[in-house]
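**Student:** Single-letter residue listing:
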Amino acid sequence: MRHRGNTLFYTLLFVCAYAGHAYAHDVVTPEVADTSDIRQREMEEVTVTARHREAPVLPVQKLGGERLEGLSTQSVADAARYFSGVQIKDFGGVGGLKTVDVRSLGSNHLGVFYDGIEIGNAQNGTVDMGKFSLDNIEEISLYNGQKSEIFQSAQDFGSAGTLYMKTRRPRFEKGKNYNVQLCMKAGTFGLANPSILYEQKLSDNVHLSASAEFTYAHGRYHFRNRKVTADGTTAWDTVAVRQNGDIRAWRAEAGFFGYLPGGKWHVKGYFYDSERGIPGAIVNNVWKNSQRQWDRNAFVQGNFTYTAVRGYDMQMNAKYSNDRMRYLNPDTTLMYIDNTFLQQEIYLSFSNRVALSGDNAMISSLRTAPVCWDLSVSADWKWNYLKGDMANFVYPERNTVLAAAATQVYWKYLKMQASVLGTFVFDKIHQPTLTMPTASKQKPQVTPAVFLSYQPYLKEELYLRAFYKHIFRMPTFNDLYYTDIGNIALQPEYTTQYDGGIQYDKQFAQGAVSSLSLRADGYFNQVKNKILAVPKGNSQYRWQMMNLGYVEIRGCDVNASLTFRTPHKVYITIAGTYTYQKAQDFSDPKEPLTYGGQIAYVPWHSCTATAHLNWRGLHVNYAFVYVGERYDNSANIPANYEQPWYTHDMSVSYEMPVGKTRMQFAVEINNMLNQQYEVIRNYPMPGINGKGIVKVIL
Amino acid sequence: MDKGQWKIISVALIAMVLAGCRHDEPVLPSETEQVGEADQTEIAGFYLLNEGNMGSNKATLDYYDYSSGNYTRNIYATANPNVVKELGDVGNDMQLYGERLYAVINCSNKIEVMDARTAKRIGQIDIPNCRYICFSGQYAYVTSYAGPVSLDPSKAQIGYVARIDTATLEITAQCLVGYQPDELAVVGDKLYVANSGGYMVPNYDHTVSVIDLNTFTEIGKIDVAPNLHRIRADRYGRLWVSSRGDYYDIPPKLFCIDPKDGSVVSELDVAASDMDIVGDSIYTCATAWDYIHMTDAVSYKIVDIKRMEVVSDNFITDGNDSQITKPYGVKINPRTREIFVTDAKNYVTPGDLYCFSPEGVLKWKVRTGDIPSSITFIYKQQ
Numbered sequence: 131m132r133h134r135g136n137t138l139f140y141t142l143l144f145v146c147a148y149a150g151h152a153y154a155h156d157v158v159t160p161e162v163a164d165t166s167d168i169r170q171r172e173m174e175e176v177t178v179t180a181r182h183r184e185a186p187v188l189p190v191q192k193l194g195g196e197r198l199e200g201l202s203t204q205s206v207a208d209a210a211r212y213f214s215g216v217q218i219k220d221f222g223g224v225g226g227l228k229t230v231d232v233r234s235l236g237s238n239h240l241g242v243f244y245d246g247i248e249i250g251n252a253q254n255g256t257v258d259m260g261k262f263s264l265d266n267i268e269e270i271s272l273y274n275g276q277k278s279e280i281f282q283s284a285q286d287f288g289s290a291g292t293l294y295m296k297t298r299r300p301r302f303e304k305g306k307n308y309n310v311q312l313c314m315k316a317g318t319f320g321l322a323n324p325s326i327l328y329e330q331k332l333s334d335n336v337h338l339s340a341s342a343e344f345t346y347a348h349g350r351y352h353f354r355n356r357k358v359t360a361d362g363t364t365a366w367d368t369v370a371v372r373q374n375g376d377i378r379a380w381r382a383e384a385g386f387f388g389y390l391p392g393g394k395w396h397v398k399g400y401f402y403d404s405e406r407g408i409p410g411a412i413v414n415n416v417w418k419n420s421q422r423q424w425d426r427n428a429f430v431q432g433n434f435t436y437t438a439v440r441g442y443d444m445q446m447n448a449k450y451s452n453d454r455m456r457y458l459n460p461d462t463t464l465m466y467i468d469n470t471f472l473q474q475e476i477y478l479s480f481s482n483r484v485a486l487s488g489d490n491a492m493i494s495s496l497r498t499a500p501v502c503w504d505l506s507v508s509a510d511w512k513w514n515y516l517k518g519d520m521a522n523f524v525y526p527e528r529n530t531v532l533a534a535a536a537t538q539v540y541w542k543y544l545k546m547q548a549s550v551l552g553t554f555v556f557d558k559i560h561q562p563t564l565t566m567p568t569a570s571k572q573k574p575q576v577t578p579a580v581f582l583s584y585q586p587y588l589k590e591e592l593y594l595r596a597f598y599k600h601i602f603r604m605p606t607f608n609d610l611y612y613t614d615i616g617n618i619a620l621q622p623e624y625t626t627q628y629d630g631g632i633q634y635d636k637q638f639a640q641g642a643v644s645s646l647s648l649r650a651d652g653y654f655n656q657v658k659n660k661i662l663a664v665p666k667g668n669s670q671y672r673w674q675m676m677n678l679g680y681v682e683i684r685g686c687d688v689n690a691s692l693t694f695r696t697p698h699k700v701y702i703t704i705a706g707t708y709t710y711q712k713a714q715d716f717s718d719p720k721e722p723l724t725y726g727g728q729i730a731y732v733p734w735h736s737c738t739a740t741a742h743l744n745w746r747g748l749h750v751n752y753a754f755v756y757v758g759e760r761y762d763n764s765a766n767i768p769a770n771y772e773q774p775w776y777t778h779d780m781s782v783s784y785e786m787p788v789g790k791t792r793m794q795f796a797v798e799i800n801n802m803l804n805q806q807y808e809v810i811r812n813y814p815m816p817g818i819n820g821k822g823i824v825k826v827i828l
Numbered sequence: 003m004d005k006g007q008w009k010i011i012s013v014a015l016i017a018m019v020l021a022g023c024r025h026d027e028p029v030l031p032s033e034t035e036q037v038g039e040a041d042q043t044e045i046a047g048f049y050l051l052n053e054g055n056m057g058s059n060k061a062t063l064d065y066y067d068y069s070s071g072n073y074t075r076n077i078y079a080t081a082n083p084n085v086v087k088e089l090g091d092v093g094n095d096m097q098l099y100g101e102r103l104y105a106v107i108n109c110s111n112k113i114e115v116m117d118a119r120t121a122k123r124i125g126q127i128d129i130p131n132c133r134y135i136c137f138s139g140q141y142a143y144v145t146s147y148a149g150p151v152s153l154d155p156s157k158a159q160i161g162y163v164a165r166i167d168t169a170t171l172e173i174t175a176q177c178l179v180g181y182q183p184d185e186l187a188v189v190g191d192k193l194y195v196a197n198s199g200g201y202m203v204p205n206y207d208h209t210v211s212v213i214d215l216n217t218f219t220e221i222g223k224i225d226v227a228p229n230l231h232r233i234r235a236d237r238y239g240r241l242w243v244s245s246r247g248d249y250y251d252i253p254p255k256l257f258c259i260d261p262k263d264g265s266v267v268s269e270l271d272v273a274a275s276d277m278d279i280v281g282d283s284i285y286t287c288a289t290a291w292d293y294i295h296m297t298d299a300v301s302y303k304i305v306d307i308k309r310m311e312v313v314s315d316n317f318i319t320d321g322n323d324s325q326i327t328k329p330y331g332v333k334i335n336p337r338t339r340e341i342f343v344t345d346a347k348n349y350v351t352p353g354d355l356y357c358f359s360p361e362g363v364l365k366w367k368v369r370t371g372d373i374p375s376s377i378t379f380i381y382k383q384q
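Top line first, the protein sequences correspond to chains S and F. Take any residue in the first sequence, note its place counting from 1, add 130, and you have its number in this note's numbering. Take any residue in the second sequence, note its place counting from 1, add 2, and you have its number in this note's numbering.
Everything labelled a hint here was simulated from the structure, so no lab data went into it. Worth double-checking, as some hints may not be accurate.
[What the hints assert, rightly or not] Quick list of in silico lysine to any residue cross-link-like pairs, SDA-like style, CA-CA up to 20 Å: (1) Lys367/F - Asp718/S; (2) Lys87/F - Asn419/S; (3) Lys367/F - Tyr725/S; (4) Lys636/S - Val688/S; (5) Lys720/S - Lys157/F; (6) Lys87/F - Val371/S; (7) Lys157/F - Gly518/S; (8) Lys720/S - Met18/F; (9) Lys720/S - Ile45/F; (10) Lys720/S - Pro155/F; (11) Lys712/S - Ala21/F; (12) Lys87/F - Asp367/S; (13) Lys87/F - His352/S; (14) Lys122/F - Ala360/S; (15) Lys157/F - Asp468/S; (16) Lys720/S - Asp128/F; (17) Lys87/F - Pro768/S; (18) Lys87/F - Thr368/S; (19) Lys122/F - Thr359/S; (20) Lys87/F - Asp762/S; (21) Lys418/S - Met56/F; (22) Lys367/F - Pro722/S; (23) Lys157/F - Thr470/S; (24) Lys418/S - Tyr349/F; (25) Lys636/S - Ile704/S; (26) Lys573/S - Met676/S; (27) Lys87/F - Trp417/S; (28) Lys720/S - Ser324/F; (29) Lys87/F - Tyr807/S; (30) Lys660/S - Thr297/F; (31) Lys157/F - Ser420/S; (32) Lys87/F - Ala360/S; (33) Lys87/F - Asp361/S; (34) Lys87/F - Thr359/S; (35) Lys157/F - Tyr457/S; (36) Lys367/F - Leu723/S; (37) Lys712/S - Met18/F.
Using the sequences and the hints given, assemble the complete structure.
**Tutor:** See the structure below:
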């Protein structure tokens, strides 16, 4: 199944007396370049993941392929709602800010990776997940703790949770050396979203993928606010149009995928340019806001993974990003603001893994040892620099060195991983001011993580698992250096996670049920030194960042899915998630009203249910999302109460061949029952909405 | 399982589903609790306006009734259930004039006019970025930050004072003043406006604008100190002006101005987040940010206006000042001399109102809405 071209690399390997090449791919599984049948390859992947040593030690949730396509979601944030343990803060509409918070640790604790390399935001730590369209995303996966492998960059160890977005990798059917996909989506909110994807096999070992996308939406939608009096009569009832939620965005991406014996490489460039309105809060007498934001994000990144000799793998990552953001408040009833910020990042990473014992060990005599023992070491360097044109801005620069060591042991039914991460941060400011003469000094941090997985019966896909992870997030540039608000004395915000879980999968050869999967995790998290904005000074709205918060989170996540088969080649999958979270604010024992209160916008109960039916080229999807009652503040009083909300979404798609091409038609209807709801107080969400999609696959 | 068990299970399931459903959103009812003892003076009670943090639309009105000792939170929504989105966003100032209550709702860009006895809405006056209000004769005067924006790159925005006919609730005239004008006060036939320049950091305004009420034009400016905030007239016809300072080198101060010649007659090292003049005393409370210690310096002082000096460094005498996180407003009952101090806490959770005896001993304390700020006493009807 693997390619053995006469590349220079191959020759060199031989020269290097590289013996026993046949097993090289057991460790690094390079994308198979010349596979003839995609289905066969996917089956192979399934087999691989089912092997015990590949079973995840950690809770992982993935969405990909048809399921992801069928969820009628526009952005990665919309899709992430179907993961358990996740809260989305959604300010509404196509262009509205959407952030993802996993297990109530705070959205700044989630590492977001795009094709294996983290998307950073040194300025405020927030990645707007609404910006990532699903157009060219093949799979998104969410890990609590960290990705359950040890062969990864130090950065991969550096967050309390990680979300990986994987863009589509070129795959070519036999005899075909290009793929072209044209897609047009149009729908409510004036959405027009054409995109193109082009993939070319440049040679057996080098593939090109390029895609471009344009998104426009005027973003207007009707919303209704209504309140009733104690006797149930309407107190007031008003319908208005959400304004200033327009977006115009371009995305262009191009990448090369290369394969060589024992290795692979990937280089890509990304460009995103957008202008959007910030719809803002709807309050008494204010039904329209006029703030604008421009974003221009560009990066180039590369990855090289290589098995040098049996039992030794190495990986290199590099990235340069250049992000410009302009915020404009032209509203003369508020303070006029027109600020532009430019942030740059350079990132280099080098990871190594050595197999000490087990079937893949470097030393041949240890290959028969019953214990598989791997060791990895990685080192990263990151440079961030932020320029801004606001008054008294200090131009912060940060150098971060990350060093990680990790080990993994399999012994019979037991799998263990342990890692330790060292973080060294050096800040510098370029235009000191009277109030901020020096930069923040951060102490080196060493943080551990331990993961265990146990399979009690060899014949059953039943796993028990547990993990502990202690990690932190550094204060962002805004936390430390924002004019008047920043506080250079800030310490990192620490999270500690304890998790215990069970996972059971079963395939049935006969009967109506073809497979079932069940996962459940219970957890206890602590967030210490939580960075909060607290008011200061003399009765103007002035704030100061402080390490004051302490939050304890007790929760459980449950995932279940069932796949049915019927005699008529109808395949049905139903899946559900349920999350319970008690996230309590224990910041200030002096405040009985907030002490022990559920923190802002975290529901006690939330769940999703999805169903997918596939019959020949026809796909029908139904999705239900439920977010239970919440409070918008840890003072859990009626004035801060937020109602539950739930939406029903449906999509139907049909794929058929038209001559030599294939056509795909889809219709999506979201919020079918037209529920009028708010995720964030005073930010009304759209009612029923829909879109139509036409895709041509050449 | 028999039929009965199924019944129980299905009822429980239905109950669970219903409990998790959305229901009609009620107008938030007011809440009453007894906090003080009934007290019969000619003062019927007081209103307290809670600002509510920006964007939260949580400006609310509370009422304390002296005849019963009852404190009632959130009376506006109950009195006016049909007003869309209730009182509004950021209640910045409130005054009683005649038989009407005027609440300046900053981010809702309006002055809400209510009946002083029932808090029922009479009307509203739309003024963008309105800040403070005062009265003279038949007119109300309101400061606004939202004057014309200069075309140069500084985009400096001059403020103005709007004159409102209280009979018609119409704006009859506007007068440009300094940058970001805050409080205003009338002495004789002149209106004095404290300009802050709060949007122009670090180039704060430092003047008091003088407006002739007969012509309603600015006739001069008095140079005082940067970032002016409060301005109150005392019974001797002098003005007391607070400066917030620049939060760094220049500390907050309190100035006394003689309006006759515009001279600064006294300069005191007193921070005044809020102040109230009663008789010959100015009560101040303040949180002044200290960059060296990264904390708020909290103070509760009394200034004697005749002697022009601080006569008390802490009018809270029973140690309860340590309970107050963020003193935000101070008000004195003009009859009983009870001292009221509001605590805004962290700005996003409900605050507290403290009532101290004239001697500075805690009488009672009650939870308010978010960011309790302005208090206005109402007298019994004759």
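**Student:** Compare the structure with each hint and give your call.
**Tutor:** Results of checking the hints against the structure:
1. Lys367/F - Asp718/S: Measuring from Cα to Cα gives roughly 19 Å; hence the hint holds.
2. Lys87/F - Asn419/S: Given pair Lys87/F, Asn419/S holds - Cα atoms ~16 Å apart, limit 20 Å.
3. Lys367/F - Tyr725/S: holds (19 Å)
4. Lys636/S - Val688/S: It holds: about 17 Å lies between the C-alpha atoms, which stays within 20 Å.
5. Lys720/S - Lys157/F: Given that 20 Å is the threshold and the Cα spacing comes to 44 Å, the pair is violated.
6. Lys87/F - Val371/S: Roughly 15 Å separates the two Cα atoms, so the pair holds.
7. Lys157/F - Gly518/S: OK: Lys157/F and Gly518/S at ~18 Å, within 20 Å.
8. Lys720/S - Met18/F: Violated, at roughly 35 Å.
9. Lys720/S - Ile45/F: violated (34 Å)
10. Lys720/S - Pro155/F: violated (47 Å)
11. Lys712/S - Ala21/F: holds (18 Å)
12. Lys87/F - Asp367/S: holds (10 Å)
13. Lys87/F - His352/S: This hinted pair holds, its Cα atoms lying about 17 Å apart.
14. Lys122/F - Ala360/S: holds (18 Å)
15. Lys157/F - Asp468/S: OK: Lys157/F and Asp468/S at ~10 Å, within 20 Å.
16. Lys720/S - Asp128/F: violated (40 Å)
17. Lys87/F - Pro768/S: Holds: Lys87/F and Pro768/S sit about 16 Å apart, inside 20 Å.
18. Lys87/F - Thr368/S: Holds. Lys87/F to Thr368/S sits at ~10 Å (cutoff 20 Å).
19. Lys122/F - Thr359/S: Since the Cα atoms of Lys122/F and Thr359/S sit roughly 16 Å apart, the hinted pair holds (cutoff 20 Å).
20. Lys87/F - Asp762/S: Holds, at about 17 Å.
21. Lys418/S - Met56/F: Judged against 20 Å, a Cα distance of about 15 Å means the pair holds.
22. Lys367/F - Pro722/S: holds (14 Å)
23. Lys157/F - Thr470/S: holds (16 Å)
24. Lys418/S - Tyr349/F: violated (25 Å)
25. Lys636/S - Ile704/S: holds (15 Å)
26. Lys573/S - Met676/S: holds (17 Å)
27. Lys87/F - Trp417/S: holds (11 Å)
28. Lys720/S - Ser324/F: Roughly 11 Å separates the two Cα atoms, so the pair holds.
29. Lys87/F - Tyr807/S: holds (15 Å)
30. Lys660/S - Thr297/F: Given that 20 Å is the threshold and the Cα spacing comes to 18 Å, the pair holds.
31. Lys157/F - Ser420/S: holds (17 Å)
32. Lys87/F - Ala360/S: holds (17 Å)
33. Lys87/F - Asp361/S: Holds, because 19 Å separates the two Cα atoms, which is no more than 20 Å.
34. Lys87/F - Thr359/S: holds (14 Å)
35. Lys157/F - Tyr457/S: Roughly 15 Å between the alpha carbons, so the hint for Lys157/F and Tyr457/S holds.
36. Lys367/F - Leu723/S: holds (14 Å)
37. Lys712/S - Met18/F: holds (19 Å)
Of the numbered hints listed earlier, those contradicted by the structure are 5, 8, 9, 10, 16, 24.
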